[in-house]
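**Q** Listed below, chain by chain, are the residues.
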Amino acid sequence: MKSYINSLFTDMTVRRELKEIIPDMTLRRRMSAVVRMGVSAGMESLNDFGMEVDAIITATGLGCLADSEKFLYNTISEKEQMLNPTPFIQSTFNIVGAQIAVLTKNHGYNMTYVHRSLSFESALMDAMMRLDESQGKAVLVGSVDEVTDTSEEIMARMGLLRRQRATQGACFFVLTAEPTPHSVAEIIDLEFFGENVTKEEIGLQNAGCELLFTDDSDGFNLTKSALYIAQGLEILKKGVCRVVVVNRSNERNLAKFALTSLSNPRL
Amino acid sequence: MAVAICGIGMISSVGRSAEEILHSIKNGRRGVGRLTLFDSVLDVPVAQVPFGNSELQELLGLDRDKVISRTALLGMLAASDAVFDAKIPEGVRVGLISATSVGGMDMTEQFYGAFMDDPLKGDLHYVAGHDCAYSTLAIAAYCGIKQFSTTLSTACSSAANAIMLGARMLQQGMLDYVVAGGTDALSRFTLNGFNSLMILDRQPCRPFDRDRAGLTLGEGAGYVVMTCRDPAKKYCLLTGYGNANDAFHQTASSADGNGAYLSMRKALETAELRAKQINYVNIHGTGTSNNDASEGVAMKRIFGSKVPPFSSTKPFTGHTLAAAGGIEAVLSVLAIDQGVIYPNLGFANPIEESGLVPQTVFAEGVDVRHVMSNSFGFGGNNSTLIFSK
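First to last, the sequence lines map onto chains H and L. Counting in the numbering used here, the first sequence runs from 772 upward without gaps. Counting in the numbering used here, the second sequence runs from 186 upward without gaps.
With the rest of the complex left out, here is chain H:
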């Protein structure tokens, strides 16, 4: 399956002025960090791409933690009376994809994957399949996860943050079947490792390519493999012909995908 990355945007904090990207104030006001990061990265990607997309496919490992907690807190503290529905509505896992669809009046296929460390790769797989099935020419793909005080507290208690901190971020891009003026690289050879595959085996299968393993030092974030694409693109610029991003978690290699530069077709 051949596919191209276009208009890649990441959002690690919610610092950007959102007014231009999301003009509707009511919509903006309701947005928690995860929704702001996801929707702003997604909208920036679409605005940059400039053409319509046929599908919107998103991924998140833990979803909308802040709004889920807010509604849960209110339910308990208010003893189930007179609850504000907004945090409940905002807590649904597919809200980022849904908000982008509403903002762009996109009636196409809209899907959300929530599968721990493989959420992003699942979304990528679906997007690549859509292009392969000729179900359109362009798909918006992206992932987002947030950190809250509570999630950090719980992860720390579980011992997950002894050697790393919890991190958050969004990464969105448009996947196309053909190169466009906005294409920055090809993304190919997505593979889910079923059994235990070692670093050495991956090295052998991808000889001559630069391997980029997701690393604990970059923090605990279930959708962080998407955030390595930008790093991979920088490596390609240095003249490396192929970068293989390996999603590694809990000392297991879970999946991989390869990035190749446009000027160097894959060997």
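Some hints here could point you the wrong way.
[What the hints assert, rightly or not] Ranges of calculated distance between the beta carbons of each label pair, as one might list FRET restraints: (1) G524/L - D920/H: 51 to 59 Å; (2) V546/L - N1021/H: 49 to 57 Å; (3) E924/H - Q388/L: 41 to 49 Å; (4) I1006/H - Q523/L: 56 to 64 Å.
If you are wondering where the hints come from, they were derived from the structure by calculation, not from laboratory data. We treat Cβ as the ideally placed atom computed from N, Cα and C, and that holds for glycine.
Based on the hints, put chain L in the right spot on chain H.
**A** Below, chain L alone, put in the same frame as chain H:
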């Protein structure tokens, strides 16, 4: 490539198995009653699966005292039923596509009460399975599915979308057999969520009725096993599927039922069928003012003046959220396999705007060749599946 349904499994308030559920529906036995699973001040009927967690764990052969999310337990029962039913051969690539919206929130909400007063309190076992993937991984481990698994979550259309992805993976030759569907358990979180939106009926739900006042929250799980390998046992085929976005509002559907119309049309296109060939529609029919009005408009746009027999089975099972598409897929498969059409309980008078009248009695001996099943979720996520003989 034809996608065949070769195994089914489900659990809901009206039955522990597909056979029991079909039997209940045939005998008009609703599974709607008082909430006993957890404490709540809300006085609404719910469709609770009549087993506590310990009993479910016993049925699964698991340790009665372990802390396991109810969502995972219901999923394990239904999915393993389907896998057993399909008799999947050895040495083939099997994948699991599971959907949930509640995930492990049924456990998390028990943890949170203690945690919110003191962040050092609360038993961590209750949050270890909070995320959506937890139930999927539990099901995969329980059923011995090793090749591939993933989880999707698109609110009430989730399980239909899981089935759709499963079919596509088979058609692309990525897997040989796929177990696909969804699971959700009752939780204070969702009960209060729908209550805060004021869309819970104080009476058992009345889909497509003029005086309908909301949904009845339910719980359960429904899974199908599919393959393109021409199996010995074949219930029917999955011939069409479509997903479209209403792109109107996060929780309300557009007045002209745009998203629903588009998903039904896409499903008909992929099935290469004309609307008039559909013999029965298992509608989403939650009983909310908005959904039923919108879905009714969409039905008329698709079927014109010739709307086929249709019904919502949610008066029996309740609205099982992410499991709905799976449970209703199994019911659609059985409609073809058994030649039956289900009644839409609670109906008395048609919605004035559409004037549509659903099927009100259980019909047998019907030549059901093509069934359409709708599942619509928050976020304008509209999905339609078509099953054929």
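**Q** Look at each hint and say if it fits the structure.
**A** Do the hints match the structure? See the list:
The hinted window of 51 to 59 Å between G524/L and D920/H holds, with their beta carbons roughly 57 Å apart. Range check, V546/L to N1021/H: Cβ separation about 55 Å, and the 49 to 57 Å hint holds. For E924/H paired with Q388/L, a C-beta distance near 42 Å keeps the hint of 41 to 49 Å intact. A beta carbon spacing of about 59 Å between I1006/H and Q523/L agrees with the range 56 to 64 Å that was offered as a hint.
In this structure, none of the earlier numbered hints is contradicted; all agree with it.
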